[in-house]
Amino acid sequence: MADVVLKDIRKQFGATEIIRGVDLTVDEGEFAVFVGPSGCGKSTLLRMISGLEDVSSGELHIGGRRMNDVQAAKRGVGMVFQSYALYPHLNVRDNMGFGLKVRKVPVDERDRRVREAAATLKLDALLDRYPRQLSGGQRQRVAIGRAIVGSPDVFLFDEPLSNLDAELRVHMRSEIAALHNRLKTTMIYVTHDQIEAMTLADKIVVLRDGLVEQIGSPRDLYEKPNNVFVAQFIGSPRMNLLPAAEAKLISPTHALPASAVSVGVRPEHLRVVEPTTDSLSATVTLNEYTGAVTLMHVELPGGQTCLVVDDKRDMPPIGTRIGLTADKDNLHFFDADGRAVS
Amino acid sequence: MDLSRPETTARNDRAPWLTLKTREMLEAWLFVSPTVIGFLIFFLGPLVAVVYFSMTEWNLLSQKATFVGLDNFNDTLFKNPDFWHVVRNSVVFAIGLVPLNMALALTLALALSRPFFGVVFFRTVFFAPVITSAIAWAIVWKFLLQGEGGVINQMLALVGITGPNWLREPNWAMAAVIVTRVIKMVGLNMILYIAALQAVPRDYEEAARLEGASRWQVFTMVIWPLLAPTTLVILVITTIGSFKVFDHIYQMTGGGPENGTLVLAFYIYQQGFKFFNVGYAAALAMIMFVIVMALTLIQVWIRRRGTQ
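The listed protein sequences correspond, in order, to chains X and E. If you use the UniProt record's numbering, the first sequence corresponds to residues 1 to 342, in order. If you use the UniProt record's numbering, the second sequence corresponds to residues 1 to 308, in order.
Chain E extracted, bound-state conformation (with noise of 0.2 angstroms):
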């Protein structure tokens, strides 16, 4: 008998409550719990709510949900006439916001990616509205571009230009709600290509340059291929929120004039919150919803094909 056997040996021997497989398992789900749960209540229940009701007949003020099944998408689809035009309308903005924000953001990365002296104050400048909110940009530039008294027809005035009543005129409401928007926004992509710009090895450059090619050339030949990955990213993020804008649009124009500048997201915030039709509206969530998936299954199948 070995007396030196220590006692502790014969509860070690013992295979433990949990394996060490479990209590991993068990580990990784508490850290994951929170943002599950989040996501169930706060992103898949009501995803699942809205496919529901999108099929139903419900008008918030009678309380009576009816199913009709693909109703609501026929009607709007195929009967509803002001739907296409609010399509338009959201294509249009999506054209003139995205290529416009996407220039903008890569000009003023190229300018502010390198290090001089005030760089950081301009980055702040540029960035300081993407986290300002909305409601407090869209007033401002609302007074800004009010047609007499505004600033913006004032400074116009000094040379000569009698500006428009820009939000109230259907031809320019569209125009300045997208610039607006464009500057509020363009601080994110400019940080998105400054980062990608960074991450760019010099080396590459003083490679082009020793060959001989010029400065455009660099950048057209070298950077701007260099930058696809993070200009896809940009793309699809910034057409994804040109459909879905919904503040700037509430605050500055109301849709209007003559539903010049009523988009989806507006529309479908009409349909449930204006006119009750809570069904309808739902419906046209699901749309939008099928559109911004479409395009977010596109940027991974490009980004996928890049890869390979």
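This is chain X alone, in the form it adopts within the complex (with noise of 0.2 angstroms):
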């Protein structure tokens, strides 16, 4: 086990600057998630910390040893890419095998640890088989596999479900946090998928442009937002943004911060009450049933889109005007910068 620091991290591409300084700190153990949207640099700051792309400056520390400058191998990092990157010409124990004969393991060692990593990944039966007879889930245990045998002190997984159907994405996710608590090891997870981030991460860093937006706990990043991006990228739908004006509306005994511009409010935070003069009245435009729940799309009456998620089965019709209310403490503030402001 290894911690990871990362001070004022910078990657340029030619003139282009991807990641713009980075300052990180993943503690031994700790599961951290890169999220963010498509190009906002979080699979480049992995390859960085992997050394696949070198650093073009600031200071890469793991387990303490500055790594700027040392080969991706002497790291102690195992990576699990996206296309899994399984060699099709080895079978399943060669390929978990592989770094370990090219560091000239002994065959007998090689094979116990081999043997160990296919135990807990239960791929004990499937060894001998090549990657195309393996399923989607299977290849990428065998890519986990092949990371854990090497014994790294910080696992890295580039978007590893992201080729995977939702049921066993759904699936996947829960070995790798079980994997994650048999080993204890640190593990940097990369992914676009904020419900992936939610449910595995420690600590979630929310990257956008190159930049940390924000570093914190799942629970931190959906309660406490630091800005609208983050606001409205974590939490799925995402959280609804109005003028600040119609929080009188939705929580009449809130007190509306001198700063605030905009109010979000989650749809999942929203209550569908009957129209008064003490709430945000509204006019249902449609309904989609999930099972769980009803997404229920509304109207304002400044012709604004406002989504609303209630587990009741019996939603207003289409058509209906409605009133919309909310608890103060689910009320967010946003100044003209989209910074949070309480």
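No wet-lab data here; the hints were simulated from the structure. Treat the hints with care, since some could be wrong.
[Claimed, not checked] Pulled a few chain X residues facing chain E out of the computed Cβ check, cut under 8 angstroms:
hint, residue
1, F13
2, S50
3, L52
4, A72
5, A73
6, M79
7, F81
8, A85
9, G99
10, R103
11, H192
12, V272
13, T276
This structure is a prediction, so every number in the text was calculated from the model and none was measured. Think of the CB as a built atom: it goes at the ideal place given N, C-alpha and C, for glycine as much as any other residue.
Please assemble the complex out of the two chains, which come individually in their own frames, going by the hints.
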């Protein structure tokens, strides 16, 4: 196990700066997730930690050792690629033992470690199969197994579940979480899926345009977003953002912060009530029944669309005028620059 | 009576003159017919003719073909020592050319598969000989390889080496035609290897690097096995090409010196168009066809095995 410390890390490709000064500490044994929209630099940051991309400037430390100029193979990291990167001409056993073979680990030792990792991941019966003979989930497990065999100090996952179908993704997510609980190794995981981030992470790092927007626990990010971007990126469906003046209607008892220009309220925090002068009036435009909840699209008098999530099966029909309220604790205020204000 | 029913409906209900299946089949034949006709006229027809001629004794000058059964094959395989000398030359040519060509092609592909400034220029330079006229290429090399006054020997002289008369000495002529042929054709295999290298996902190399593999280990343990299908194709087409080489030999050495570069394709030409033994030449062509076919079948067999 090792901690990972990034100090003012930057990455340039030609004149374009992709990573624009990232400061971050991932503690020993912590599960950190880099999340952000496509092109935000999360994979580049992960590749810089792995050593597959060099660091343009800044300091990178793993386990207290400066790693800027250390070869990828000597950083003590194991990586699981988005494509799995399983060698098609090698069977599972040889894929998992590849790193040990190139490091000239004796055959007996190699075999023992491969078997141990295979047992951990329930791959024992698949050791003689080739990647083409495996399902997506099995390939994913082999890729993780290959990383485990090397006993790295830090595991790096680059969008490892993005090629799996929805059901398998949920299953593999729980397997990765269980693996982290078992191994207690530092893990850094890249995803653009905020559900994966929320369910797996001890610490989430939200990135946008090469900069860290916020670092915190899933609960911190959900309950106390630093800015509009994080507020809308974390949580599904995304947070509704309304003019600050509407806050009085949504939650009449709330005092409006002086610098607030917008108010955010999550769809699941809005309650449907009879339309009164003390509630935000809206008209139902669409109901999407998903089984567990219904997602209601409503239109505000100003023409703005707002989402409401409710666990009731019978929502007001389309065209109904309704009122919306929320608890004051569930309102998030933002200033003109999009920063949170309390 | 339904007056609103359009009159055209009755016509539409009638079974069409051509069924959809027939129409699609006719369209398909229409599209493939140019190729089929070309195949029949330029490939299958001559092939059948060669099979027939190979069983005749036909001197082009006498204009008289006599059916002799398998006599031509019997003469070729068991009575004509020249044939085995020619086969030996063809095998030497192939053994010299194929590994050299493939090794050079792979080396060039490895160097030119990644983008860098000028990469397109270098790829063009190495591929240009492939599309150059074989005769023009051979003529130029014939001049370069002249014993006295040849550019190659003049350059060797600058470093104190007296070069041989490359194309006139039996020991050097075969080496000279092999090397010049390799330089001419290596670009084709280089392009095939570049395409194969570019198709190898970068992740494989990166994963291997992360696991501690050296560049050499990445190549031998990851890249080279992934190139196996391409290598097999290149191996077979280059081997077949080496057995079929004609223009190069015709222009550079004419099969000499002392029949040292007399290879199968050129020997067939000699028998058919210099000595006018068309029947015998056809039998030789059949034997060459069998050799080439055998190599092709081996390729298909190995590829099928690999796929399974």
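ask   = Does the nearest C-beta of chain E fall within a distance shorter than 8 angstroms of the C-beta of A72 (chain X)?
value = This hint holds: A72 (chain X) lies near chain E, its Cβ roughly 5 angstroms from the closest one there, short of 8 angstroms.
ask   = If you take the shortest Cβ to Cβ gap from A85 (chain X) to chain E, is it below 8 angstroms?
value = 4 angstroms, holds
request  = Return the status of the interface hint for H192 (chain X): holds when the least beta-carbon distance to chain E is below 8 angstroms, violated otherwise.
outcome  = Status violated, d = 18 angstroms.
task = Could you check if V272 (chain X) really has its C-beta closer than 8 angstroms to a C-beta on chain E?
result = 49 angstroms, violated
request  = Tell me if L52 (chain X) is really an interface residue toward chain E, meaning its C-beta lies closer than 8 angstroms to one of theirs.
outcome  = L52 (chain X) check passes; min Cβ-Cβ to chain E is 5 angstroms, inside 8 angstroms.
query = Does the nearest C-beta of chain E fall within a distance shorter than 8 angstroms of the C-beta of M79 (chain X)?
reply = 5 angstroms, holds
query = Can R103 (chain X) be said to touch chain E, with a Cβ gap under 8 angstroms?
reply = Holds. Min distance 5 angstroms.
query = Do the numbers back the hint for F13 (chain X), that is, is its least Cβ distance to chain E under 8 angstroms?
reply = This hint is violated: F13 (chain X) lies away from chain E, its Cβ roughly 14 angstroms from the closest one there, beyond 8 angstroms.
Restraint outcome when F81 (chain X) is required to lie within 8 angstroms of chain E by C-beta distance = 5 angstroms, holds
message = G99 (chain X) was flagged as interface toward chain E. Is the shortest Cβ-Cβ separation under 8 angstroms?
response = Holds - the Cβ of G99 (chain X) comes within 8 angstroms of chain E, reaching about 3 angstroms at its closest.
ask   = Was the hint right that T276 (chain X) lines chain E, CB cutoff 8 angstroms?
value = 57 angstroms, violated
request  = Under 8 angstroms, Cβ to Cβ, is where A73 (chain X) needs to be relative to chain E, so tell me if that hint holds or is violated.
outcome  = 4 angstroms, holds
Comparing the model with each earlier hint shows violations of hints 1, 11, 12 and 13; every other hint is respected.
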